[in-house]
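Asks: Kindly generate the complete structure, drawing on both the sequences and the hints.
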Amino acid sequence: MGASPHMFGQINPSTWVSQTQTPPVIEEFLDHYSQTHYHALANRAKELIEEELTNPEWHDIHVNVRCRAKTPKSLAEKLKIRHADHPYEKESDIWDDVHDLAGVRVILYMPSEDQREKVQRVIQAIWGDDVQQKYHEGSEDRLKVDERARLLQAPAEREKLSTKKQYRPRHLGYIAVHYRPKMKQSHHKRDKYFWEPKDRVEIQVVSALSHAWAEAGHDTLYKSYAYGPPTLHEEMLLDSLNGLVLSGELILQQFHELVMKRTSTPFRHRGDFGVFIRELDILQPHEGCTDHSYQDFEVESLDILLRFLIKTGKAYPLAVRNALKELGFPKEPKLDFIMAQEIKPSFKPAQGMTTTICLLRILMPPVSSEVLIRRMPS
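Residue numbering for the sequence shown follows UniProt numbering, beginning at 1 and increasing consecutively.
Keep in mind that the hints were calculated from the coordinates and are not lab data. Every residue gets a Cβ at the ideal spot worked out from N, C-alpha and C, and that includes glycine. Treat the hints with caution; some may be incorrect.
Calculated cross-link-like contacts (lysine to aspartate or glutamate; reagent style EDC-like; alpha-carbon spacing at most 16 Å) [to be verified]: (1) K198 - D96; (2) K73 - E27; (3) K78 - E27; (4) K182 - D96; (5) K198 - D97; (6) K118 - D129; (7) K189 - E47; (8) K348 - D336; (9) K261 - D60; (10) K348 - D296; (11) K90 - E27; (12) K134 - E117; (13) K78 - D97; (14) K261 - E113; (15) K189 - E51; (16) K198 - E91; (17) K78 - D60; (18) K184 - E196; (19) K90 - E28; (20) K314 - E342; (21) K314 - E326; (22) K118 - E50; (23) K73 - D31; (24) K118 - E57; (25) K334 - D296; (26) K192 - E47; (27) K134 - E113; (28) K331 - D272.
Restraint ranges, calculated between C-beta atoms of paired labels, are given here [stated by the list, open to error]: (29) P266 - P349: 21 to 29 Å; (30) I310 - K182: 40 to 48 Å; (31) K198 - T20: 22 to 30 Å; (32) N55 - P87: 42 to 50 Å; (33) A216 - E52: 45 to 53 Å; (34) L244 - T71: 30 to 38 Å; (35) P197 - E50: 19 to 27 Å; (36) T71 - K198: 41 to 49 Å; (37) D130 - P87: 46 to 54 Å; (38) T231 - K90: 37 to 45 Å; (39) I310 - H37: 49 to 57 Å; (40) S92 - E50: 29 to 37 Å.
Replies: Listed below in structure tokens is the structure:
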């Protein structure tokens with residue numbers, strides 16, 4: 001799932017790997033490989049993930065989903081490298097060995113453990129609970145450049161590597177979580193994707209920063225067997241950038257945790273809740289208005305509202321702020337409309353209770369028709 005050469009404004013040149021002889025077993029595999037089918041497979045997997053993400057349960061997952069199918073050329077180069085290391089005896093060996101013919105990448109904007117766990121639940125909701133994650137650390141691949149050249153018997157490239165000062169990266173490289181689920185027959189979609197029994201997809205879950213680093217360095221570092229080894233300076237720069245990426249991920253994770261703590265930590269007592277209401281931005285006076293909306297909350301109303309919020313599982317800042325916005329705060333609160341039209345029989349609330357009563361109305365769980373029928377007098 002690396003960067004396409006076209007992203008860098010150039011066409012992929014012929015490489016010395018592509019010019020080496022292709023073993024018959026790989027030629028046989030490539031004859032049966034259909035990029036069109038695997039492109040449809042990858043698109044279908046991407047579509048399934050995006051459809052599942054529309055479920056309200058996942059409203060707080062912030063990701064970008066991409067997909068691709070391997071081109072015959074890049075697949076041939078990969079197979080030659082792997083064949084040189086562990087020779088394939090028959091075509092089925094390749095099917096068992098290569099998992100990323102169709103690939104999906106789920107790019108996390110906030111790389112927290114909470115977000116990763118939720119993405120795993122999304123994947124399992126589609127493909128089943130038995131789909132488990134595998135960790136991928138690119139640093140292992142980064143130390144195999146010499147071995148790749150030796151295995152391919154490329155004297156010129158091997159000579160460059162043997163005279164080049166060795167650089168061992170100080171950082172981990174490309175880090176992602178992989179899932180490899182099998183497509184189900186029910187995933188078949190007429191005129192779009194035709195299911196086959198051996199179909200599977202590799203799903204990578206990676207942070208946006210790691211994705212950007214991988215895209216920038218993929219052709220230089222991970223495809224060193226194709227374009228020749230990177231210079232010492234190139235390796236040092238990419239490694240330094242990787243360190244910045246890892247630091248950036250830690251900062252993003254801490255930022256996400258701070259935001260979640262501020263918006264989702266339950267109120268512990270009425271004092272906490274009172275301070276929140278008094279300081280809430282949308283209850284402050286705005287331009288052209290001197291009214292302090294937070295003054296509409298008397299002590300008794302705060303107590304009633306907090307008890308209700310606890311009972312309904314909404315005693316946290318974000319739920320209250322969203323409910324107040326639904327009421328029209330900060331600019332046009334529709335309190336009078338709700339009191340007159342949505343609360344029957346209508347009545348004049350006590351001082352300091354109007355906003356609380358309207359919030360109770362907005363936050364009241366819906367009552368099903370079945371419950372209403374049970375409550376009707378016989």
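Asks: Now, for every hint given, state plainly whether the structure supports it.
Replies: The hints, checked one at a time:
At most 16 Å may separate the alpha-carbon atoms for a hinted pair to count; K198 and D96 meet this at roughly 10 Å. Simply put, K73 and E27 have alpha-carbon atoms about 11 Å apart, close enough for the 16 Å limit, and the pair holds. In summary, the hint linking K78 to E27 is supported, as the alpha carbons are separated by about 13 Å, within the 16 Å threshold. A hinted pair counts as satisfied when its Cα atoms are at most 16 Å apart, and K182 with D96 qualifies at roughly 13 Å.
At roughly 13 Å between alpha-carbon atoms, K198 and D97 fall within 16 Å of each other, so this suggested pair holds. A threshold of 16 Å between alpha carbons decides the hint, and for K118 with D129 the separation of about 13 Å falls inside it, so the pair holds. Note on K189 and E47: the hinted pairing holds, with a Cα-Cα distance of about 11 Å set against a maximum of 16 Å. Of the supplied pair hints, the one linking K348 and D336 holds, its CA atoms being roughly 10 Å apart against a limit of 16 Å.
Only pairs whose Cα atoms come within 16 Å are accepted, and K261 paired with D60 is accepted, the gap being roughly 14 Å. The suggested pairing of K348 with D296 holds, with an alpha-carbon distance near 14 Å, which does not exceed 16 Å. Between K90 and E27 the alpha-carbon distance is near 11 Å, which keeps this suggested pair within the 16 Å criterion. Taken as a hint, the K134 and E117 pair is honoured in the structure, with Cα atoms around 13 Å apart against an allowance of 16 Å.
About 11 Å separates the Cα atoms of K78 and D97, which keeps this hinted pair within 16 Å; it holds. Distance restraint check for K261 and E113: the Cα-Cα separation of roughly 14 Å lies within the 16 Å cut-off, and the hinted pair is therefore satisfied. Taking the CA atoms of K189 and E51, the gap is about 14 Å. The hint holds against a cut of 16 Å. Of the supplied pair hints, the one linking K198 and E91 holds, its CA atoms being roughly 13 Å apart against a limit of 16 Å.
Our distance criterion of 16 Å between C-alpha atoms is broken by K78 and D60, whose separation comes to about 37 Å. This hinted pair checks out: K184 and E196 have alpha carbons roughly 9 Å apart, not beyond 16 Å. Between the alpha carbons of K90 and E28 the distance comes to roughly 9 Å, so the proposed pair stays at or under 16 Å and holds. Using a Cα cut-off of 16 Å, the hinted pair K314 and E342 is violated, with the two alpha carbons roughly 21 Å apart.
Simply put, K314 and E326 have alpha-carbon atoms about 15 Å apart, close enough for the 16 Å limit, and the pair holds. Annotation: proposed proximity of K118 to E50 holds, straight-line Cα distance about 14 Å (limit 16 Å). Pair hint K73 plus D31 holds up; C-alpha atoms about 12 Å apart against a cutoff of 16 Å. Of the pairs offered as hints, the one joining K118 and E57 holds, with about 10 Å between alpha carbons and a cut-off of 16 Å not exceeded.
Note on K334 and D296: the hinted pairing holds, with a Cα-Cα distance of about 14 Å set against a maximum of 16 Å. A threshold of 16 Å between alpha carbons decides the hint, and for K192 with E47 the separation of about 11 Å falls inside it, so the pair holds. With a CA separation close to 15 Å, the supplied pair K134 and E113 stays within the 16 Å bound. Proximity of K331 to D272 is assessed by CA-CA distance (about 25 Å); at most 16 Å being required, the pair is judged violated.
Checked against the hint of 21 to 29 Å, the C-beta distance between P266 and P349 comes to roughly 27 Å, which is consistent with it. Between I310 and K182 the beta carbon distance is about 44 Å. The supplied range of 40 to 48 Å therefore holds. For K198 and T20, the hinted distance range of 22 to 30 Å is satisfied, since their beta carbons lie about 28 Å from each other. Under the hint 42 to 50 Å, the C-beta atoms of N55 and P87, about 46 Å apart, fit the expected range.
With their beta carbons about 30 Å apart, A216 and E52 fall outside the hinted range of 45 to 53 Å. Between L244 and T71 the beta carbons are some 31 Å apart, a value that agrees with the proposed interval 30 to 38 Å. Restraint check, P197 to E50: a C-beta distance of roughly 25 Å satisfies the suggested window 19 to 27 Å. Taken as a hint, the range 41 to 49 Å is violated for the pair T71 and K198, whose Cβ atoms sit roughly 20 Å apart.
Distance hint check: the CB atoms of D130 and P87 are about 32 Å apart, inconsistent with the given range 46 to 54 Å. Between T231 and K90 the CB atoms are about 40 Å apart, so this pair conforms to the stated range of 37 to 45 Å. In this structure the hint that I310 and H37 lie 49 to 57 Å apart at CB holds, the actual value being about 54 Å. Between S92 and E50 the Cβ separation comes to about 33 Å, which falls inside the hinted range of 29 to 37 Å.
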